[in-house]
Amino acid sequence: MIALVKRPEPSRVFSLAAPVLAVLATMVFGGLLFAILGKDPLLAIKTIFWEPVFGEFAFFYRPQLLIKGAPLVLIAIGLSLGFKAGIWNIGAEGQYIMGALFGAGVGLAFYPAESALIFPLMVLAGALGGWLWAMIPAILKVRFGTNEILVSLMLVYVAEQFLASMSLGLMRSPEGMGFPGSRNLQQYASAHNADLITGSGMHWGVVAAFIAVIFAYVLMARHRLGFAIRVTGDAPRAAAFSGVNPARLVLFCLGTSGLLAGLAGMFEVSGPAGQVTIDFNVGYGFTAIIVAFLGRLHPVGILLAGGLMALTYIGGDIAQSKLGLPAAAIQVFQGMLLFFLLAFDLFTNYRLRFGRAEVV
Amino acid sequence: MTEPLLSLTSLTKAYPGVVANSDVSLSIAAGEVHALLGENGAGKSTLVKMIYGLVKPDSGQMRMNGQNYAPAEPRAARAAGVGMVFQHFSLFDAMSVAENIALGMENAPKLSALSAQISAVSETYGLPLSPDRIVGDLSAGERQRVEIIRCLLQEPKLLIMDEPTSVLTPQEVDILFKTLRKLSAEGTAILYISHKLEEIRTLCDSATILRLGKVVGHCTPRETTASEMAEMMVGKLLQAPTRAGQTAGDVVLGLTGLSAPAPNAFGMSLKEISLELRAGEVLGIGGVAGNGQDELLAALSGERPVAQGMISYKGEDIGPLGPTARRQRGLLSAPEERMGHAAAPDMTLTENAMLTGAAREGLEKRGFLDWPAATRFAERIIERFDVRTPGPTAAARSLSGGNLQKFVIGREVLQKPDVFVVNQPTWGVDASAAAAIRQALLDLAQNGAALVVISQDLDELMEISDRFAALNEGRLSVPRPAQGITVEEIGLMMGGAHGMEVAHV
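Chains as they are written, first to last, in my numbering: chain A, 1 to 360; chain X, 1 to 505.
Extracted from the complex, chain X is given alone in its bound form:
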């Protein structure tokens, strides 16, 4: 067997208090599509950061093309032929595609020459993208293409992709996969990070599974079932959320022609959203990020009140009411961003419990706050939702993402909402915590609450929704029963591939 393109031998990296990677070994051959699989916090990010020269390993060694490979910085990694597409894009909204790409290059050619190169690469790999467009106008999928093309221009031998499909519609995913297969056929190796098992089964030749910083197994995804991989990833069998079927109750929340202007230049306006929500039902709202999810949540939570007559709650017009008034009536919400939006990072959990619990939990009497009661409320959340923390006096920022999410969701769920609106309930949360959160949501619905779950995780939406709708450019599609809906139909509801077909080669 010939020497692999990249081989890692017993890489170890420890941070104070946590071993991110311990004795990790793997090898990738030229042209191989290799999946790196693991839950959040399993050490995937640390591992690829070491390969990309962002982090130095404590011990172990890497070899590339038969030579020792120890990049001191990303520039060295790029020079050695490693490219990386991050999950979060680093692009300037106000500049054009070509300008953005030029900024990331060590010695960029003239803009006109670069534009020609960009067009050529985009043709060759079926990634439709015009070099003159302003990045602020692009969809998330198109932005990702900018990042990919930026890497491809350097003709990498190894391309690292960090959760590339989390922001894409199913059709855009297809385009991406075609590109990746073409690259692989030309001999470029791809290290593909994801926790979406079906995707990995379609795309990848081999997989390495990480758990708690250690390699727990290798497999060939095409010959392994998704549940087997999930078991290796989590270390135990996951319980799928359950609920007894039930009939929907009265209409509790009605939106009539809900429209709102964009909050800022790169926000999305809401356009004529209408729907009816019945007690006991779960409405899943899908859509690519940035299509009005945050704005819809803000309009429903009362953070940005809307005009009269647009939102009715149990027959009452609540459009102009603020968050506190809506909470008192039983309409609760949890925004996507935990740190700084759902919770104040420097404040204690007690104070964060007070943040939204004051009115409904009786933590406030005539303007004066009852801190002992807030502490008890925080303790109840911590206990009921298994939040790992020393106690209610811990600052919110000291909690891990998953634990804070459990706290934030638990805080609202324990207030027994009649309508609960939540955006990305399990984003960045490990699988077992995600399962617990989903179960809590379903229990809420079981007890007669109506739920609006906004998410970019289609599997999650299919698992818990009774009806499904999608946001596209601030418009909501007509909700339809989630039972029996196909991925293609969902894709069309999400707006297809944003008018982009695979470019003709």
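Just chain A, same shape as in the assembly:
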């Protein structure tokens, strides 16, 4: 018999080793999966993890790492605050869309005027859009005790309908010859979220992601609000006893995560994506959930996890085109990562005991 025994104290070693072990296990079992599909597993793993950074075309892929990693990190940082406190915002994808719509909306409204104020205004609008969309589940939860998981998730689909409506209607480009989609903001200098150094992939969203990481780190380690979040996650009654107001915490956590997701959407639509289209959202809001947990809900961990996730995205794309791996296999591979992380995570608080089971 194998039994799980709770450790008297969480193991520090395992809490740090779990992500590394998870990545290793994913490589082993992912490799197995690729072998079953008739591909060379070593080559596939190398393509996913090595090619984007050090391969022949790395000059092209490296900026992509920043472009893909930034929204993941930005959203995941926001989500991690709530997740730490047991407040589950699953609808970052919707908040991301609304941020993009609000931001792009402001930019398009000023077209073709040129002013240095337009982009900052768009940033504020994007943040506001994401924040407002997240306040719906927050207020419903505080006021009526609804489940924020369901409400925020359902609102993703509402936001997608908004997106479709906007790209087909209000925001459709008058010069688009009837095709759905807005004007391209990349061709509108005042609204363009351009690379800060041309060709580096370093746009304002990347800067915002780094700022968010530092902000979250200070908040969690040094500020009373971060402490309130951690206590609430560990022992809600102890938090209430110490004076934490649970309703305010829900509003703060959902609001902040919505705000950051909205920012991510705004930076994406005005930069790498360029325009509002029906298929603007590609799942950053959902992948960020994996990133948040892969990073152990720790700001620095999330930064690393965002990079790793971006790597598997880009490496996965390369593996698809170069080796002909099916897209589904890449998704399974990414899913394995979260699965193994959660599995190894268990050993932070529990250890295995072999031998006879005993009822106590």
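Be aware that a few hints might be false.
[Stated by the list, open to error] Here chain X is said to cover these stretches of chain A; the calculated rule only asks that three of the stretch's residues, wherever they fall, bring their Cβ under 8 Å from a Cβ of chain X:
#, segment
1, 2-12
2, 228-234
3, 237-247
[Said to hold, decoys possible] A partial selection of chain A residues facing chain X, derived with a Cβ cut-off under 7 Å:
#, residue
4, Arg222
5, His223
6, Arg224
By construction, these hints were calculated from the structure, which means they are not laboratory data. Don't be surprised by glycine CBs; every beta carbon is placed ideally from N, CA and C.
Since chain A is already given, all that's left is putting chain X on it; use the hints.
The following block gives chain X in isolation, referenced to the frame of chain A:
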């Protein structure tokens, strides 16, 4: 001499890092009421768990009725005629008494037949209980009767009772003792676990005393004084808390018609509680668990703020204020449940010191937390209250119950409260730690703080209170001086036996 009903020979059971029972031997004759006496952590629970088949001994043997007895699971123990009433009940609130009992039986008869059986047993043993009532509506004493009747229906030869009186009013204790004496007269042996010495002296024929997992003595309780037994139990003389008499100061805390709705379906609402508390006095609040103790503490700590005008503190209306604002003013509290309420289990002692110490100890400046200062505060608590732990970086859950309690109480006491409200300050704490905690409370009062001590331990309340009041169904009785109050009077203040007289046989 005939063979005893149950005999244990050199039972030993070790857990990683601790020997719970070492070479324990005892024997119980049919019809004997045998007390198992010891402090928390002395190994009483482990021993009865072995008898009840929940834990397997590492070595030693048990004999029952002259035969080898080694129950692999509780079912085997029940089949051999051993019944056990646990300290914590395992009942479903939303189901009736009969349904609850049927759930615990291997092959339960029809509900109507079972109800008849329940009524019969309850008549015979003087345990008034209606089989159709919903368990959620029952008092703790009545719930205990459900558990006892569940055992009696299996006609046990040995009944194990784990701290049965901790949740009962004195009158309910009398009813229970009559039942137990009747059972014993019919030949049922009873293994009675308690640390209440007077009770054991009234009820039990013999006693085995455990300390640190070993048998340290046997005695006949009727011929031994309580202090002699206490000495054997603790291994040293206990110092009774002391304080110099003093006159009460100004009124610091006033409750006027304090009412609050029940927080949930099985909670208790507070009804029109009024009282005045003066600086330097200790108000003891007794009562059977579940009569509004948790709710009163939550209303006073600010965890559940109440309406305006209900609580005044030094002349200020603080009813709607939250915990932090009340702490800043000097009203501190410590709830009953240490793990998860007074302390966050997975967090370090430093973090737990920050939990309530932030405002008063200057651990926070404009929202930013001063962790080195919190560590120093935690170290001070650990040192002053003799908390056994490797240090302030240990997780709260790694501490034993008594040590965590010392930490939690120490954390508040060191913040020098003007009013301190505490619920069950020594619950589950060993005798020497309990004495230290009581002394710390009395020292607080000595230095001019006003204390509200909510407890279910009447001896404790009598020892430290200046005035005594009782909670019953969310109402507080009129406080009266604790000096010279009798057990009967206390019982009446606690609501008698909840309308239950001994059923007429």
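Hints versus structure:
1. With a cut-off of 8 Å between beta carbons, the segment 2-12 of chain A has 3 residues touching chain X; three or more are needed, and the interface restraint holds.
2. Requiring three or more residues with a Cβ within less than 8 Å of a Cβ of chain X, the coverage given for the segment 228-234 of chain A holds, as 3 such residues are present.
3. Counting residues of the segment 237-247 of chain A whose CB lies closer than 8 Å to any CB of chain X gives 8, so the stated coverage by that chain holds, three being the minimum.
4. For the restraint placing Arg222/A at the interface with chain X, the shortest Cβ-Cβ distance is roughly 5 Å, inside the 7 Å limit, so the hint holds.
5. Given the 7 Å rule on beta carbons, the hint for His223/A holds: about 6 Å separates it from the nearest Cβ of chain X.
6. A hinted interface residue such as Arg224/A counts as satisfied when its beta carbon comes closer than 7 Å to some beta carbon of chain X; here the least separation is about 5 Å, so the hint holds.
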